[in-house]
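All chains, please: the whole structure from these sequences, using the hints.
Here the protein sequences come in this chain order: A and B. Each residue of the first sequence is one higher than the last, beginning at 3 in our numbering. Each residue of the second sequence is one higher than the last, beginning at 3 in our numbering.
Read the hints as simulated data drawn from the structure, not as lab findings. Honestly, I wouldn't trust all of these hints.
[As the list claims (entries may be wrong)] List of simulated lysine-lysine pairs, PhoX-like, C-alpha gap at most 25 Å:
hint	chain 1	residue 1	chain 2	residue 2
1	B	Lys27	B	Lys89
2	A	Lys89	A	Lys29
3	A	Lys79	B	Lys29
4	B	Lys27	A	Lys79
5	B	Lys29	B	Lys89
6	B	Lys29	B	Lys88
7	A	Lys88	B	Lys89
8	A	Lys27	A	Lys79
9	B	Lys89	B	Lys79
10	A	Lys88	A	Lys29
11	B	Lys29	B	Lys79
12	B	Lys89	A	Lys79
13	A	Lys89	A	Lys79
14	A	Lys27	A	Lys88
15	B	Lys27	B	Lys79
16	B	Lys79	A	Lys29
17	A	Lys79	A	Lys29
18	B	Lys88	A	Lys79
19	A	Lys89	B	Lys89
20	A	Lys27	B	Lys29
21	A	Lys89	A	Lys27
22	B	Lys27	B	Lys88
There are 2 protein chains.
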Amino acid sequence: MTLLGVIAGVCTSISFIPQAIQTIKTKQTEGISLITYIMFVIGVFSWVIYGALNGDIAVLLTNIVTLMPCSIILYLKLQAVNGVNKKETERS
Amino acid sequence: MTLLGVIAGVCTSISFIPQAIQTIKTKQTEGISLITYIMFVIGVFSWVIYGALNGDIAVLLTNIVTLMPCSIILYLKLQAVNGVNKKETERS
Chain A
3 MTLLGVIAGV CTSISFIPQA IQTIKTKQTE GISLITYIMF VIGVFSWVIY GALNGDIAVL
63 LTNIVTLMPC SIILYLKLQA VNGVNKKETE RS
Chain B
3 MTLLGVIAGV CTSISFIPQA IQTIKTKQTE GISLITYIMF VIGVFSWVIY GALNGDIAVL
63 LTNIVTLMPC SIILYLKLQA VNGVNKKETE RS
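Structure follows, in structure tokens:
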């Protein structure tokens, strides 16, 4: 049972690291949903605060691990969106 | 405190619904990391089993909500990867 929890925790925590690496390398963010990453970063950040306030180290640490790559992905997506908007403003 | 948990839970659970909708509509999966979604689906599926075995309805339900859009995204990504492999095999 504990093993299942560990598998679940590790998989969901580290899973966004490859996405962050891919997005950093390729800068390809078109297929990535902005709303998804805004909501997800708010949610994971809330879990970090929740873990910190409750002194729940497992919740705190796993969500910090998730928050880092997801914040990078969101930042790159926002940069790309802003870049597109700028180009469109320049064109019109 | 409970409110923070609810915000965190709702945001992380439903956040992949917009990504699934976007990917279904645009079929744009190039920027999406295959490894990320394989790991994430395994992780979230493990949470579903963990929640079911422990009788933890909150863990069970929130992870079922996450599992559905993420499975769709993974399926579409796998389809695209297979499509690319097929084309490359045909070319060579």
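Hints, one by one, checked against the model:
{"no.": "1", "hint": "B:Lys27 x B:Lys89", "verdict": "22 Å, holds"}
{"no.": "2", "hint": "A:Lys89 x A:Lys29", "verdict": "17 Å, holds"}
{"no.": "3", "hint": "A:Lys79 x B:Lys29", "verdict": "18 Å, holds"}
{"no.": "4", "hint": "B:Lys27 x A:Lys79", "verdict": "19 Å, holds"}
{"no.": "5", "hint": "B:Lys29 x B:Lys89", "verdict": "17 Å, holds"}
{"no.": "6", "hint": "B:Lys29 x B:Lys88", "verdict": "17 Å, holds"}
{"no.": "7", "hint": "A:Lys88 x B:Lys89", "verdict": "36 Å, violated"}
{"no.": "8", "hint": "A:Lys27 x A:Lys79", "verdict": "13 Å, holds"}
{"no.": "9", "hint": "B:Lys89 x B:Lys79", "verdict": "15 Å, holds"}
{"no.": "10", "hint": "A:Lys88 x A:Lys29", "verdict": "17 Å, holds"}
{"no.": "11", "hint": "B:Lys29 x B:Lys79", "verdict": "9 Å, holds"}
{"no.": "12", "hint": "B:Lys89 x A:Lys79", "verdict": "29 Å, violated"}
{"no.": "13", "hint": "A:Lys89 x A:Lys79", "verdict": "15 Å, holds"}
{"no.": "14", "hint": "A:Lys27 x A:Lys88", "verdict": "23 Å, holds"}
{"no.": "15", "hint": "B:Lys27 x B:Lys79", "verdict": "13 Å, holds"}
{"no.": "16", "hint": "B:Lys79 x A:Lys29", "verdict": "18 Å, holds"}
{"no.": "17", "hint": "A:Lys79 x A:Lys29", "verdict": "9 Å, holds"}
{"no.": "18", "hint": "B:Lys88 x A:Lys79", "verdict": "30 Å, violated"}
{"no.": "19", "hint": "A:Lys89 x B:Lys89", "verdict": "34 Å, violated"}
{"no.": "20", "hint": "A:Lys27 x B:Lys29", "verdict": "21 Å, holds"}
{"no.": "21", "hint": "A:Lys89 x A:Lys27", "verdict": "22 Å, holds"}
{"no.": "22", "hint": "B:Lys27 x B:Lys88", "verdict": "23 Å, holds"}
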